[in-house]
Amino acid sequence: SQQGEEDPQALSIQEGENATMNCSYKTSINNLQWYRQNSGRGLVHLILIRSNEREKHSGRLRVTLDTSKKSSSLLITASRAADTASYFCATKKGRGVGANNLFFGTGTRLTVIP
Amino acid sequence: GAVVSQHPSWVICKSGTSVKIECRSLDFQATTMFWYRQFPKQSLMLMATSNEGSKATYEQGVEKDKFLINHASLTLSTLTVTSAHPEDSSFYICSAGTSGQGETQYFGPGTRLLVL
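Line by line, the protein sequences give chains A and B.
Residues in the first sequence are numbered consecutively from 245, following the working numbering.
Residues in the second sequence are numbered consecutively from 3, following the working numbering.
Simulated from the structure, these hints should not be mistaken for laboratory data.
Predicted model, so just to flag it, every value in this text is computed and none were measured.
Careful, some of the hints might be misleading.
Stated by the list, open to error - Below, simulated DSS-like cross-link-like pairs (lysine-lysine); rule was C-alpha separation at most 25 Å, straight line:
| # | chain 1 | residue 1 | chain 2 | residue 2 |
| --- | --- | --- | --- | --- |
| 1 | B | K57 | A | K337 |
| 2 | A | K314 | A | K337 |
| 3 | A | K337 | B | K66 |
| 4 | B | K22 | B | K57 |
| 5 | A | K270 | B | K43 |
Required output: the full structure, derived from the provided sequences and hints.
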C-alpha cells in the first residue's frame with residue numbers, strides 16, 4: 245500500500261496554542277500536499293511542497309519536508325476553534341504509472357478548544 | 003475558481019439497486035478525474051482514475067464491474083455503484099485535475115451513500 249501514516253491520530257489543544265502533525269510515506273514523491281476536511285465534508289487544499297523544497301509557509305501554516313526520512317510535518321500556529329478538522333497529507337509520485345494519483349495518509353483529527 | 007460539484011450529496015437506497023453519482027468541474031476543464039472512497043473515521047482510498055474519452059484505471063482490489071466510471075466530457079464524470087450492498091455504504095468523493103504533474107486536485111463535497 246502506498247498510503248502514508250500520520251501521527252498523532254488525534255490532537256486536542258487550547259485555542260492559541262500551536263498544533264503539529266506529522267506524516268510519513270513510503271515511496272519516492274514529486275510533491276506532498278496537506279488537506280483539511282471538516283466532518284462529513286469534502287477536502288480543502290492547504291499547501292503543496294515539492295520534493296526539492298524543505299520548508300514552506302502559508303499564513304499560519306508551516307510545512308516541512310524531509311525526503312531522506314520520507315516525512316513531513318504541518319504546523320498550525322496560534323490555533324483557532326475554527327481550525328478544528330481532520331488533516332491529511334497526500335503524496336504524488338509524479339512519474340510512472342499513476343503519476344498524478346494522490347495517496348492519502350491516515351489523518352490527524354485536530355480539536356481546538358475555545 | 004476551480005469548483006467541483008457532486009450530485010447527489012447523499013442517497014439512501016435498497017440493497018440490489020444501482021446508484022449513480024455525478025462529479026462536475028464547474029469552471030474548468032478536467033482532463034483527469036479521480037474517485038475516492040472514505041469509510042467513517044478513515045482516510046481516503048483512491049478507487050479509480052478516469053481520463054476524458056478513455057477507460058478508467060482502477061486501483062487494485064476495486065471491482066470495475068461493480069463501480070462503473072464514465073468520463074464522457076471534460077467537465078463530467080459519473081460513478082455508478084451497481085447492485086449496491088450494505089458494505090458499499092460509504093462517503094464517495096471525486097476530484098478533478100488539469101494536465102501536468104504539479105497541479106492540485108480540486109475536490110468535490112462528497113456523496114454519502116447508505117445502502118439498506
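Cross-check of the supplied hints:
1. B:K57 to A:K337: holds, 22 Å
2. A:K314 to A:K337: Since the Cα atoms of K314 of chain A and K337 of chain A sit roughly 13 Å apart, the hinted pair holds (cutoff 25 Å).
3. A:K337 to B:K66: At roughly 24 Å apart (the allowed maximum being 25 Å), K66 of chain B and K337 of chain A satisfy the hint.
4. B:K22 to B:K57: It holds: about 17 Å lies between the C-alpha atoms, which stays within 25 Å.
5. A:K270 to B:K43: holds, 22 Å
When the structure is compared with the earlier hints, no violation turns up for any of them.
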